[in-house]
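**Q** For the record, the sequence lines run as chains A and B.
1 is the number of the first residue of the first sequence in UniProt numbering; add one for each residue after it.
1 is the number of the first residue of the second sequence in UniProt numbering; add one for each residue after it.
It is possible that part of the hints are untrue.
Think about it this way: if two alpha-carbon atoms lie no more than 20 Å apart in a straight line, the pair counts; the simulated EDC-like pairs of lysine to aspartate or glutamate are [as the list claims (entries may be wrong)]:
| # | chain 1 | residue 1 | chain 2 | residue 2 |
| --- | --- | --- | --- | --- |
| 1 | A | 66 | A | 80 |
| 2 | A | 90 | A | 122 |
| 3 | B | 130 | B | 24 |
| 4 | A | 24 | A | 130 |
| 5 | A | 141 | A | 4 |
| 6 | A | 141 | B | 37 |
| 7 | B | 130 | B | 37 |
| 8 | A | 24 | A | 41 |
| 9 | A | 141 | A | 126 |
| 10 | B | 4 | B | 24 |
| 11 | A | 66 | A | 16 |
| 12 | A | 24 | B | 37 |
| 13 | A | 113 | A | 88 |
| 14 | B | 4 | A | 34 |
| 15 | A | 46 | B | 73 |
| 16 | A | 90 | B | 37 |
| 17 | B | 130 | B | 104 |
| 18 | A | 141 | B | 45 |
| 19 | A | 66 | B | 37 |
| 20 | A | 24 | A | 34 |
| 21 | A | 90 | B | 83 |
| 22 | A | 66 | A | 126 |
| 23 | A | 113 | A | 4 |
| 24 | B | 130 | A | 41 |
| 25 | A | 66 | A | 34 |
| 26 | B | 4 | A | 16 |
| 27 | B | 4 | A | 43 |
| 28 | A | 46 | A | 34 |
| 29 | A | 66 | A | 110 |
| 30 | A | 90 | B | 121 |
Don't read these hints as lab results, they were simulated from the structure.
Just so we're clear, the structure is a prediction, and the values are computed from it rather than from any experiment.
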Amino acid sequence: MALDQSFVGRSYPPTEPYEVGREKIREFAEAVGDPNPAYTDPEAAKALGHPDVIAPPTFVFAITFKAAGQVVQDPRLGLDYSRVVHGDQKFAYVRPVRAGDRLTVTSTIEAIKSMAGNEILDIRGEVHDEAGEHVVTAWTKLVARAAEEA
Amino acid sequence: MTAKIAYDGVEVGAELPAQTFTVDRATLVRYAGASGDFNPIHWNEKFAKEVGLPDVIAHGMFTMAEAIRVVTDWTGDPGAVVEYGVRFTRPVVVPNDDQGATIEVSGKVAAKLDDNTVRVDLTAMSAGQKVLGMSRAVVRLA
Chain A
1 MALDQSFVGR SYPPTEPYEV GREKIREFAE AVGDPNPAYT DPEAAKALGH PDVIAPPTFV
61 FAITFKAAGQ VVQDPRLGLD YSRVVHGDQK FAYVRPVRAG DRLTVTSTIE AIKSMAGNEI
121 LDIRGEVHDE AGEHVVTAWT KLVARAAEEA
Chain B
1 MTAKIAYDGV EVGAELPAQT FTVDRATLVR YAGASGDFNP IHWNEKFAKE VGLPDVIAHG
61 MFTMAEAIRV VTDWTGDPGA VVEYGVRFTR PVVVPNDDQG ATIEVSGKVA AKLDDNTVRV
121 DLTAMSAGQK VLGMSRAVVR LA
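Bound conformation, chain A alone:
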């Protein structure tokens, strides 16, 4: 079933704030095995010019992908999530995410394409802090593989 092209350009309401905690950053850094002290030691982060520990570059995906759930689970769009794989991922940072941030995400459908029976969905997530300042933009390409012939 082709996705509804009229959804291109549609934005969803900003999410409730996600509060970034030092210990969540530590947990993530340990899970990817990255000992960089900027993730766990506030003094080391300050020495690099950051006000508190910063998050690894891909940390914010957990927040933007949850926000993208508004899109992928929108029954009016008609995406079969059980067939979805992650195609591409990109981030553009104004500054690193850091402990103490309260982040909201505004998701927008940038494109819907159909290729060889696959449905391709491009979602942009704009991440802002509590002051309304832009922190990072995440682009996520999802591919819903064509259903197998019965």
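Use these hints to put chain B onto chain A, whose structure you have.
**A** Coordinates of chain B only, in the frame set by chain A:
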């Protein structure tokens, strides 16, 4: 932001120190918990095979997180990363054995850009195949 690599001292073609990362089933369980991505293809072999995969596969975002370490370990300051993007071309298959899988990541400076930034092109290999495509980071140097 205080990267430890000076822009003026870097030439196009310069290679970043390559790294090899290991990933086993325990790594994936831990990453699932930390990232909130509990898709069973990353921990349940039966489920993974039912949906047509050869075995449990690593989260693409795990591989993406490992690959950028070649850049952040080079600059010292992870906050110096301005842009980072990848294409997930092949899965990293993680067998249930003592070894798990390895991801070999190399990077080189592909272009010098404005504002003390450089573009680094990354290559990530597992089991002899490229697992990321179009893997590029823009990073601000000192």
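**Q** With reference to the structure, classify each hint as holding or not holding.
**A** For each hint, the structure was consulted:
no., hint, result
1, A:66 x A:80, "holds (17 Å)"
2, A:90 x A:122, "holds (11 Å)"
3, B:130 x B:24, "holds (19 Å)"
4, A:24 x A:130, "holds (19 Å)"
5, A:141 x A:4, "holds (17 Å)"
6, A:141 x B:37, "holds (16 Å)"
7, B:130 x B:37, "violated (23 Å)"
8, A:24 x A:41, "holds (13 Å)"
9, A:141 x A:126, "holds (15 Å)"
10, B:4 x B:24, "violated (32 Å)"
11, A:66 x A:16, "holds (11 Å)"
12, A:24 x B:37, "holds (14 Å)"
13, A:113 x A:88, "holds (14 Å)"
14, B:4 x A:34, "holds (18 Å)"
15, A:46 x B:73, "holds (17 Å)"
16, A:90 x B:37, "holds (18 Å)"
17, B:130 x B:104, "holds (9 Å)"
18, A:141 x B:45, "violated (25 Å)"
19, A:66 x B:37, "holds (10 Å)"
20, A:24 x A:34, "holds (14 Å)"
21, A:90 x B:83, "holds (7 Å)"
22, A:66 x A:126, "holds (13 Å)"
23, A:113 x A:4, "holds (10 Å)"
24, B:130 x A:41, "violated (34 Å)"
25, A:66 x A:34, "violated (23 Å)"
26, B:4 x A:16, "violated (37 Å)"
27, B:4 x A:43, "holds (17 Å)"
28, A:46 x A:34, "holds (18 Å)"
29, A:66 x A:110, "holds (17 Å)"
30, A:90 x B:121, "holds (14 Å)"
In this structure, the hints that do not hold are numbers 7, 10, 18, 24, 25, 26, in rising order.
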